[in-house]
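Residue numbers (the working numbering), protein chains in the order written: chain A, 1 to 302; chain B, 1 to 631.
Note that these hints are calculated values from the structure, not bench results.
Note that the coordinates shown come from a computational prediction; the quantities given were computed from them, not determined experimentally.
Please note that the accuracy of each hint is not assured.
Claimed, not checked - Here are the computed lysine-lysine pairs in the DSSO-like style, where the Cα-Cα straight-line distance is at most 27 Å:
id	chain 1	residue 1	chain 2	residue 2
1	B	K626	B	K487
2	A	K49	B	K626
3	A	K161	B	K487
Stated by the list, open to error - To give an idea of the interface, some chain B residues facing chain A are shown, with a C-beta separation under 7 Å as derived from the structure:
id	residue
4	L14
5	D91
6	I105
7	Q245
8	G299
9	A301
10	S313
11	R314
12	K352
13	N420
14	T422
From the three backbone atoms N, C-alpha and C, an ideal C-beta is built for every residue, glycine too.
One letter stands for each residue in the lines below.
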Amino acid sequence: MSSERMTHLRRLEAESIFIMREVAAEFRNPVMLYSIGKDSAVMLHLAAKAFHPSPPPFPLMHIDTTWKFREMIAFRDATAARLGFKLLVHTNQDGVARGINPFDHGSSLYTHVMKTEALKEALTLHGFDAAFGGARRDEEKSRAKERVFSFRTANHGWDPKSQRPELWNLYNARVRPGESIRVFPLSNWTELDIWQYILAENIPIVPLYFAAERPVVVRDGQLIMVDDERLPLAPGEVPQMKRVRFRTLGCYPLTAAIESDADTLEAIVGEMLLARTSERAGRLIDHDEAASMEKKKREGYF
Amino acid sequence: MNEAIAPFGTAEYLAAHEAKGLLRFLTCGSVDDGKSTLIGRLLYDTKLLFEDQLATLASDSRKHGTAGGDLDFALLVDGLAAEREQGITIDVAYRFFATERRKFIVADTPGHEQYTRNMATGASNSDVAVILVDARKGILTQTRRHSFIVSLLGLKDVVLAVNKIDLMDYSQSVFDRIVADYRAFAAEFGFRTLVPIPISARHGDNVIARSANTPWYDGPSLLDHLDTLDVESGADTRPFRLPVQWVNRPDLNFRGFSGTVASGTVRVGEPVVVAGSGATSRVAAIVTADGELAEAGAGEAITLTLEDEIDASRGDVIAAAGARPEVSDQFAAHLIWMHEEPLLPGRPYLMKIGTRTVGMSVTEIKHRIDVNSFQKLAAKTLSLNDVAVVNVATHDPVALDPFAAIPQTGAFIVIDRMSNQTVGAGMVDFGLRRATNVHWQALDVSKASRAELKLQKPVMLWFTGLSGAGKSTIANLVEKRLTALGKHTYLLDGDNVRHGLNKDLGFTDVDRVENIRRVAEVSRLMVDAGLIVLVSFISPFRAERQMARELVEEGEFVEIFVDTPLEVAEERDVKGLYQRARAGLIRNFTGIDSPYEPPLHAEITIAGGALAAEAAAERILDYLLKKGYLG
Chain A
1 MSSERMTHLR RLEAESIFIM REVAAEFRNP VMLYSIGKDS AVMLHLAAKA FHPSPPPFPL
61 MHIDTTWKFR EMIAFRDATA ARLGFKLLVH TNQDGVARGI NPFDHGSSLY THVMKTEALK
121 EALTLHGFDA AFGGARRDEE KSRAKERVFS FRTANHGWDP KSQRPELWNL YNARVRPGES
181 IRVFPLSNWT ELDIWQYILA ENIPIVPLYF AAERPVVVRD GQLIMVDDER LPLAPGEVPQ
241 MKRVRFRTLG CYPLTAAIES DADTLEAIVG EMLLARTSER AGRLIDHDEA ASMEKKKREG
301 YF
Chain B
1 MNEAIAPFGT AEYLAAHEAK GLLRFLTCGS VDDGKSTLIG RLLYDTKLLF EDQLATLASD
61 SRKHGTAGGD LDFALLVDGL AAEREQGITI DVAYRFFATE RRKFIVADTP GHEQYTRNMA
121 TGASNSDVAV ILVDARKGIL TQTRRHSFIV SLLGLKDVVL AVNKIDLMDY SQSVFDRIVA
181 DYRAFAAEFG FRTLVPIPIS ARHGDNVIAR SANTPWYDGP SLLDHLDTLD VESGADTRPF
241 RLPVQWVNRP DLNFRGFSGT VASGTVRVGE PVVVAGSGAT SRVAAIVTAD GELAEAGAGE
301 AITLTLEDEI DASRGDVIAA AGARPEVSDQ FAAHLIWMHE EPLLPGRPYL MKIGTRTVGM
361 SVTEIKHRID VNSFQKLAAK TLSLNDVAVV NVATHDPVAL DPFAAIPQTG AFIVIDRMSN
421 QTVGAGMVDF GLRRATNVHW QALDVSKASR AELKLQKPVM LWFTGLSGAG KSTIANLVEK
481 RLTALGKHTY LLDGDNVRHG LNKDLGFTDV DRVENIRRVA EVSRLMVDAG LIVLVSFISP
541 FRAERQMARE LVEEGEFVEI FVDTPLEVAE ERDVKGLYQR ARAGLIRNFT GIDSPYEPPL
601 HAEITIAGGA LAAEAAAERI LDYLLKKGYL G
C-alpha cells in the first residue's frame, strides 16, 4: 500500500521513522541506546530525521564497559554533540571495583556484568520505560523472532514464548510501572541495507570500519587489536602491524578484525558482497554456546 | 550474499540494488507442511547463507535434524531453543533475501492452532501469502483456518504451494485434486490471484527453477512468481488520510503534524479537514528532513503544516476535505480473539486504531464463524483463536474507514486494561451510526449546583468483597449515619438490584460484567444528581470496578474493599449460600468456583474478619469528613 516511487530503502526509512514517532508520543521516558556501531549511526540519523525540525525528544545512552576502542569513545562524544542529543554514559561501578575484565573472568561473565547488568542498572536508575536498540532481525536466529516493540518485565527479562501479537503497525506501548519496552526500529533492515543507506545519506561512521595499519595479535585464529596496554600479552608475544578493519564494533578484546584493504565505503560494501562469513562471526561472545543469544536476551541483554 | 559477486562492480551493483522494490510475504499452513524448510531452501538456493552459518546448520542437523543425514533447512529458521528442541515453529520469524528485481521479507509463521495469533501477526504485514499443503495429506483444518485469516486480513494474492510432491511420485493427479479441493472452498475469499505450484522444499523442485520432475507443470517456479507478481495495482486513488502521530512544535513559529500517510496523496495548497472536529484548512507545506515536498503518498513519513491555526493532536486524522472518514462511536467489525482469557461482551477494553487509543467494549457478538465449515454460529463469549462478527461501542467517537477500503484506518487491536496484553485484532466493517448526530442534551442545572444545594460532594462509595464479607451491613450503617447528618444518599445493593433492573441476568462471567455495567451507569446518574451513592456488590473483577471508576470524575469514586477471608465468610454463611455452593447446587459462586480479584489500590481496606461493622463505618465516615465530601 505504499506509494510506487518508494524504493525498499525509502520504505525502510519511513517505517523506522514511524516507529520512533510512536515511541516519542506514547512513552513517558524513552531513551535511545547508543552502541557507536554502524547500525547505531543509522538509527541516530533516522531519529534526527523523524522529528525534524525539532531535536529528538529523548536522550542517548551508552553503556560503557571501559573496554571499548578509544576511537569509539571519541566518535561517540563528537556524534552526540553534532546531532544535538543529550548523552548519558553509564558504567557498572561495582564491576569496575571488582576488576571484572574479559581475560580473567571469561567473555560470558564479563558480558553479563559489564553489559547486561550495567544496562539493567541504568534503565532502572533513570526509570526509562522504553529503550531503542539498533538490533536487526537478519543478525541472528533469535533476533529474527523478536517483535519491534518487545515487552520486558520489571526485571528486564524477555519471555520469547509469550510475546504480544504485533499486528499491522499498531504497536502496543502499554506498560505498568517498572515494566518497559525494548524498541527495534531497524528490525527489517539487512546489513546490506545499512551500508547502502550510510552510503546514500553520507552518514559518518567510526574510522575502525575502514582498513588501516593497526597493531594486532592472533588469538584462537582471530585477529585482536591491541588498543591499549591492558591487553595481556603471552611471553614472547609481539603485536604485529597488519592492514585490518572491523565488520562490527564492541569491546576491543572481544571483537575480531579482518585483514582488508577496504578503505572506502564502496570498497567495504564490495567486500561484504563477496564475504563468506556472517557478521556476528567477529563477535566472540556469540560462540560461547548454541542458543547463546536467546539466553542472554532472556536475562536482559540487548 | 545472493547475487553475491557483483557483476559490474560495486557502484553499479548498489545503483541496481537501490532501485529494487520490496515484497513481503508469509508462509503458512498446517504443522509439518514444510514452511520453515521452504524458507531455508530459499535462503540456501539464493546463496544467502554464510560459511559459518552452513557449518552451524550442519552441526545442528546432526543434533536435532529430522531430515536423515541431509541438511535440515528448518533449523535455519526456528531460532528459539524450545522450537529447535521440539522441532516446531512457535513464533513468527522474519527472514530476508533478494533477487535482481526485488528485496523480500518473509514471515515464517507457526502451523499449530494454539499459535494462530502469531500467524495472524505475520499475515498483517504481508503483501502475499504462500499457503503450503502437504501433498500426502491434502487440505487440513489449518489450511482452511489460515486461508480464512489471510482473506480476513485483506491479502489478495495467494500462492498454493503443494509441497512434498516428491513423496507422491510427482503425481499430476494428486496435485490437480488438491488444487480443485482448495479452489472449491477458497472461491468466496475473493483472492485476486491464486497460483498453485507443485514443489519439494526439501529437494528444491520448482522453488527457484522449474523442475524436470514435473514436466506436466507449465507454470512459474515459486521464486519467479514472487519476483514478477504485480502487487501495486496502479495509482492510489483512495482519499487522503494522515493519522497524527506527534505534534511537532520546536518553537512558537512552527507547528506541524507528523505522521505517515495512510492512503491517498496530499499536495501543497489542497484543502484538508480534521476528521473529528470538522475544522478545515489548507496544506501550507509538506516538511521532511530532506526538504519540503510538493506532494506525498501512502507510506511516506511527513510533517504537515497548515495555513490556519486549527486544533489537532495525536489520534486525530487529517483527511481530504472532500472525503472525510466516518466519525462514530459504534461500528460493526470482524474480530479475531487472541487470548486464553475469553472476550466478554460489555467488559471494558482499550482499542488502538491508527494512532488513537480509546476505551471500548463489544456490545454484541452477532455470530462466531466456524473456520472449517465457515458457518455462522451463536456465541456468548469468544475463546482463543475464535473469529466473529461483533458490534463495538467506543468511549469517544473515532475516525474510521471500512478495512476493505483503507486498511490503515480500518484496522484495530484490542488491549486488556489490566494485563496490557494485546488480546484481539479487528477489522472495521462499517460505522453503525454517526456519533456526530447524537448529542448530549445540554442541561442548565449542573451537577455542581445540585450538589451545592445538598451541602455535599457527590461520590460513589463502592463496596466490594466476597459474599458474606459484611459489605451490606457496613454500607447500611454508613448510610444511616449519613442520613442522620442530613446528607442525601442512596444505597444500591446487589441482591435488590437483581430483583428488578437486572433480573434477566445470571451469574456467568458475561452476566456479571453486564450486571456491574448497569449498576455503574445507574450510580453515575445518581452522582450526577448530586447524591452520595453506596454500591454494595461483590463485583469480583478488577476490570469492571475500573470501568465504574472511570465513569465519574477524579475523586468521585471511593473503592472500599471489605477484606474478609473466605473461611470467615463461609463460616458466617448468613444466607446459607456457601453450603449450597459447596454442595454443587449453585454454580459460578465467587470464591468457590468463580474467581475474586482483590483490589490493588483501594482507597479504604477494611479487615472484615476482625473489625466490627460499627468501627468500619466509623472509619469510612472519618475518611469522607477528612476528604471534604460532607460539606
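Verification of the hints:
In summary, the hint linking K626 (chain B) to K487 (chain B) is supported, as the alpha carbons are separated by about 16 Å, within the 27 Å threshold. Between K49 (chain A) and K626 (chain B) the alpha-carbon distance is near 53 Å, which puts this suggested pair outside the 27 Å criterion. Pair hint K161 (chain A) plus K487 (chain B) does not hold up; C-alpha atoms about 55 Å apart against a cutoff of 27 Å. Given hint, L14 (chain B) at the interface with chain A, holds; its Cβ is 6 Å from that chain's nearest Cβ, closer than 7 Å.
Because the closest C-beta pair between D91 (chain B) and chain A is about 5 Å apart, less than 7 Å, the hint holds. Of the supplied interface hints, the one on I105 (chain B) holds, with its beta-carbon coming within about 6 Å of a beta-carbon of chain A, less than 7 Å. Of the supplied interface hints, the one on Q245 (chain B) holds, with its beta-carbon coming within about 4 Å of a beta-carbon of chain A, less than 7 Å. Proximity of G299 (chain B) to chain A holds as hinted, the smallest CB-CB distance being about 3 Å (cut-off 7 Å).
The beta carbon of A301 (chain B) is positioned within 7 Å of a beta carbon in chain A (closest approach about 4 Å), and the interface hint is therefore held. Given hint, S313 (chain B) at the interface with chain A, is violated; its Cβ is 10 Å from that chain's nearest Cβ, farther than 7 Å. Of the supplied interface hints, the one on R314 (chain B) holds, with its beta-carbon coming within about 5 Å of a beta-carbon of chain A, less than 7 Å. With 7 Å as the threshold, the beta carbon of K352 (chain B) comes within range of chain A, its nearest partner Cβ sitting at about 5 Å, so the hint holds.
With its C-beta approaching chain A no nearer than about 4 Å, N420 (chain B) sits inside the 7 Å limit, and its interface hint holds. Here the hint on T422 (chain B) is kept, as its CB sits about 5 Å from the closest CB of chain A, short of 7 Å.
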